[in-house]
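Fit chains B and C to the supplied structure of chain A, relying on the hints for placement.
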Amino acid sequence: MAFDSFSAFIAMEGHGPYVWVCYAVFAVLLAGLMIWSVKRNQSALEDCQRRHDTESRASAKATGKAAASFTRVEIPQD
Amino acid sequence: MHPIRKKRLTIVLFLVAGLAIAVGLTTYALRQNINLFYDPSEIADGKAPVDVRIRAGGMVEEGSVVRDPESLKVEFRVTDYSASVAMEYVGILPDLFAEGQGVVAMGRLNAEGRFVADQVLAKHDETYMPPEVAEALERASKGRHQAADVEKAAESTAY
Amino acid sequence: MWQWFHKLGSPKWFFGIATRFMPWLLAGGLLLLAAGLVWGLAFAPKDYLQGNSYRIIFIHVPSAFLAQSIYISMAVAAVVTLVWRMKLADVFVKAIAPVGLIFTFLSLFTGAVWGKPTWGTWWVWDARLTSMLILLFLYGGVIALDRAINDEKSAARAVAVLVLVGVVNIPIIKYSVDWWNTLHQPATFKLTEKPSMPMEMWVPLLLSVLGLYLLFGWLACIRMKTEILIREQRTRWVKDMVLAGRK
Numbered sequence: 001m002a003f004d005s006f007s008a009f010i011a012m013e014g015h016g017p018y019v020w021v022c023y024a025v026f027a028v029l030l031a032g033l034m035i036w037s038v039k040r041n042q043s044a045l046e047d048c049q050r051r052h053d054t055e056s057r058a059s060a061k062a063t064g065k066a067a068a069s070f071t072r073v074e075i076p077q078d
Numbered sequence: 001m002h003p004i005r006k007k008r009l010t011i012v013l014f015l016v017a018g019l020a021i022a023v024g025l026t027t028y029a030l031r032q033n034i035n036l037f038y039d040p041s042e043i044a045d046g047k048a049p050v051d052v053r054i055r056a057g058g059m060v061e062e063g064s065v066v067r068d069p070e071s072l073k074v075e076f077r078v079t080d081y082s083a084s085v086a087m088e089y090v091g092i093l094p095d096l097f098a099e100g101q102g103v104v105a106m107g108r109l110n111a112e113g114r115f116v117a118d119q120v121l122a123k124h125d126e127t128y129m130p131p132e133v134a135e136a137l138e139r140a141s142k143g144r145h146q147a148a149d150v151e152k153a154a155e156s157t158a159y
Numbered sequence: 001m002w003q004w005f006h007k008l009g010s011p012k013w014f015f016g017i018a019t020r021f022m023p024w025l026l027a028g029g030l031l032l033l034a035a036g037l038v039w040g041l042a043f044a045p046k047d048y049l050q051g052n053s054y055r056i057i058f059i060h061v062p063s064a065f066l067a068q069s070i071y072i073s074m075a076v077a078a079v080v081t082l083v084w085r086m087k088l089a090d091v092f093v094k095a096i097a098p099v100g101l102i103f104t105f106l107s108l109f110t111g112a113v114w115g116k117p118t119w120g121t122w123w124v125w126d127a128r129l130t131s132m133l134i135l136l137f138l139y140g141g142v143i144a145l146d147r148a149i150n151d152e153k154s155a156a157r158a159v160a161v162l163v164l165v166g167v168v169n170i171p172i173i174k175y176s177v178d179w180w181n182t183l184h185q186p187a188t189f190k191l192t193e194k195p196s197m198p199m200e201m202w203v204p205l206l207l208s209v210l211g212l213y214l215l216f217g218w219l220a221c222i223r224m225k226t227e228i229l230i231r232e233q234r235t236r237w238v239k240d241m242v243l244a245g246r247k
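So the sequence lines, in the order shown, correspond to chains A, B and C.
Counting from 1, position 67 in the first sequence corresponds to residue 67 in the UniProt record's numbering; the numbering is continuous, with no gaps.
Counting from 1, position 36 in the second sequence corresponds to residue 36 in the UniProt record's numbering; the numbering is continuous, with no gaps.
Counting from 1, position 216 in the third sequence corresponds to residue 216 in the UniProt record's numbering; the numbering is continuous, with no gaps.
The following block holds chain A by itself, in its conformation from the complex (with noise of 0.2 Å):
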């Protein structure tokens, strides 16, 4: 340990705001960055199903109605 006590670390010999200043910044933008990242990538993945389960809800509707044709036909009579 280079410094003899909890408060001699803090203040540094004077330097303290300066060190601690690029070292919160350093840790809250890389921290920030990270948390984004991963943010953006989960909001991507769940546009990403949201549209595949509408689609296949959406194909399986219509593969349904095109049984349905079979039986029953919807054809405007006038």
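It should be emphasised that the hints constitute simulated quantities derived from the structure, not laboratory data.
Take the hints with a grain of salt, since some may be wrong.
[As the list claims (entries may be wrong)] In silico DSS-like links for lysine-lysine, alpha-carbon gap of 27 Å or less: (1) B:Lys142 x C:Lys194; (2) C:Lys153 x C:Lys87; (3) C:Lys239 x A:Lys39.
What follows is chains B and C alone, placed relative to chain A:
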């Protein structure tokens, strides 16, 4: 490789090479403006303009710092080990300012060749070491100096 | 011979590989970075001249390394985009440009805060600092240009050309301290020569540099995956993967 890709690669390489040459020539032409400061030798050769705000940099000569006891005025000589220039400055010096350390000063060169600084920045080198190591080195170099002095003394007494 | 190269260009293949490597990159990066920073902050001896303010080096140097390495890797990807029209290379450039911007900003910011107590000034227009500021603007320009062009293919080419134009700045940053008089000191951390600092300072610096490189690897993977998901969402393999993940 596909001939079209080869052609594209050649174009890309030419683009980068051409740009590199252009930028290289520009920076070479502007090198005096890119230099942050004048060396003491350049000032001694008269390359630095007089009474124009310029920067001068070098090492603070050992034993040249004279502090005015009445005010914040400091006088010192800055050297690059082949020429030196006298400087004066009124104000608070950076923590790292010391004899044997690098400085970059902003100010004007007057007609007598004295540099009147209005801002002094400390320049340090790329070596880092713990204080104990620095002390040990200092002691070692002093020891060597002393040994050299003793040797010289021995030589002179031998004559 | 070119087979591995084209395989590398397959988004699906990359997606699988990235997913496999990411936990290791994240764990290794966080571990090395934390070890390097704690060692550097609390256990490394102080400097004989600068005292404790030199401890900023443990984040300043890794950030500056990353800022330049990211640009170089973007330039390589730009050549691949222009010559081989590989989609993945463009995905890479687009995904990591903001990361490069952040690291360039961090190296400028930590340098300014470090400069105040040591040099006596926050900023000086010397060659090193100015060329680093130009790098920041280049990253900003790359991001802006990519957003300004809607068509994916023309955006990719325009961005690649801009990245290649900017690459001449990299040797200028690196050698500025040797070619010109600058306030900034020459490099301390060199791969080819003996470092000009003792082991108990150099090892924590090495650890934090390696840790940040690994974290960058992780960031690149996750951001590229996002970009691939957005671009390839209509393809069969994305659909299969997404629907399989749902079950």
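Is the straight-line distance between the alpha-carbon of lysine 142 of chain B and that of lysine 194 of chain C 27 Å or less?
-> holds (25 Å)
Pair hint outcome, lysine 153 of chain C versus lysine 87 of chain C [Cα-Cα no greater than 27 Å] | holds (9 Å)
Is lysine 239 of chain C close enough to lysine 39 of chain A, meaning Cα to Cα at most 27 Å?
-> holds (20 Å)
Figure legend: structure checked against the earlier numbered hints; every hint is met.
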